[in-house]
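These two chains come separately, so use the hints to put the complex back together.
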Amino acid sequence: MTIKITTADFDPWQEIQSYQHNSAIAGKFGATSIFVGTMRDFNQGDEVQAMHLEHYPGMTEKQLELIVDDASRKWAVIDALVVHKVGDIFPNQPIVLVAVWTTHRGDAFDASRYIMEALKSTAPFWKKEYLAMEKTRWVAENTDGYQSI
Amino acid sequence: MTIKVRYFASLKEMLGRGADEVDATDIMTAGGVWHSANPNRPLPENTLIAVNMTYVTLHAHVKDGDEVAFFPPVTGG
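Chains A and B, in that order, are what the protein sequence lines are. Position one of the first sequence corresponds to residue 1 (the working numbering), numbered consecutively onward. Position one of the second sequence corresponds to residue 1 (the working numbering), numbered consecutively onward.
Just so you know, these hints were derived from the structure itself, not from any lab. Check the hints yourself; a few may be wrong.
Interface residues of chain B toward chain A, partial, derived using beta-carbon atoms under 7 Å [claimed, not checked]:
(1) F8
(2) A9
(3) P44
(4) T47
(5) V51
(6) T57
(7) P73
(8) V74
(9) G76
(10) G77
Where is the CB? At the ideal position from N, CA and C, for every residue including glycine.
Same shape as in the complex, but just chain B (with noise of 0.2 Å):
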């Protein structure tokens, strides 16, 4: 009953590791996997988030087996 956890980019520097693991729980958002996973630190103001690789809002729902992703705003082309 895990939710996996993923950080890219500037993120993953600031907290030194790229992914975690959190117990998943009945009733669960984005932003409480966040604080599952850092429960000492608020999420960075322009935090963008994916569920499964879709873009979602903090209070997004998660379940078990699901992928939640943390990043900064995005810089390609």
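Next comes chain A alone, as it looks inside the complex (with noise of 0.2 Å):
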């Protein structure tokens, strides 16, 4: 299981790839959830030109952790990683990666979203948006990942 909080510009499928790579699970697995949140050049009906992503360093890895062993308890989980940027962000840019390594789809399926749901309400994050005529505004709380529209 790997946990990665990083300030530099990451690719999602980079990491996928040399991570499956250079593990010891080769041939032990049969299912590879991948989730990848991306920033939206709009929200709340508004042009978000870029975003600044606090965290708190040391409680962000400790709860990530948390929820990913949470997750191989509830699943069969082989392997897990998860990627986060903090710092400043342009749209386009992936935020977040969730990878889950599982023999079957349903495990793999099922362990990503609840590492993805409980890192959106629980993992110590926060972003801030840079609107158009220099305003800002900070994201009050994530939309329930449950909700259907």
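Okay, here's the thing in structure tokens:
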């Protein structure tokens, strides 16, 4: 299990490829579930030009480890990789990657969904949006991932 | 005999500072730490609290050397 918090831009597809290539899980897994969260250029009806992602160093990693451990107790997770960007971010850049390797698809889908929802509601990250006319605003809370439109 | 207090995101901006130190007393709760550090300001609704980087409630016991953090709902991912 690997948790990475990075100020550098990252390519989720490269991260997955290199993780899978370098880890000892080759030949062991039959399913990989991948979630990538990407920055949008709009929110709540406004154009968003950039964002700043603040976090609580130390607690962020601790909380993400707890979440991945919880998921591994609930489902048969062989390995998991979580990468999250902090600092400045721009539209179309990836914010978060959750990849889960399991034997069968059910565990991969369910564990990755669980990790992502728990990250959204408990991992200490905060987004500040930069709008037009030099306006800024903090995102007040995350939407419910299980709510349908 | 001190407790380190930390604030993040919009709460840090509202208070104009990211950290405080308060004197540790024998019996202190996370809520008590907030009131010692911010005597004239009620704790904003929905504020999350962590002691030593673990989520707690307002009534959690806090001791000398602990780090108590207050922050708004999280919005990562």
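Residue hint B:A9, partner chain A, criterion CB-CB below 7 Å: Since chain A brings a Cβ to about 4 Å from B:A9, closer than 7 Å, the hint holds.
Interface hint check: B:T47, Cβ to nearest Cβ on chain A, cutoff 7 Å. Holds or violated? 12 Å, violated
Does the CB of B:G77 sit less than 7 Å away from some CB of chain A? It holds, given that the least Cβ distance between B:G77 and chain A is near 4 Å, below 7 Å.
Would you settle whether the hint for B:F8 is holds or violated, based on the nearest Cβ-Cβ distance to chain A being less than 7 Å? Hint on B:F8: holds, closest Cβ of chain A at ~6 Å, below 7 Å.
Hint check: is the beta carbon of B:P44 less than 7 Å from a beta carbon of chain A? 12 Å, violated
Quick check on B:T57 please, does its C-beta sit within 7 Å of some C-beta on chain A? Violated, about 14 Å.
Do the numbers back the hint for B:G76, that is, is its least Cβ distance to chain A under 7 Å? At about 3 Å, which falls below the 7 Å cut-off, the nearest Cβ of chain A leaves the hint on B:G76 intact, so it holds.
Evaluation of the interface hint that places B:V51 against chain A, nearest CB under 7 Å: Since chain A brings no Cβ nearer than about 10 Å to B:V51, farther than 7 Å, the hint is violated.
Measuring from the C-beta of B:V74 to each C-beta in chain A, is the shortest one below 7 Å? Interface hint status for B:V74: holds (5 Å vs cutoff 7 Å).
Have a go at the B:P73 hint: is there a Cβ in chain A nearer than 7 Å to its own Cβ? 4 Å, holds
When held up to the earlier numbered hints, the structure conflicts with 3, 4, 5 and 6 and fits the remainder.
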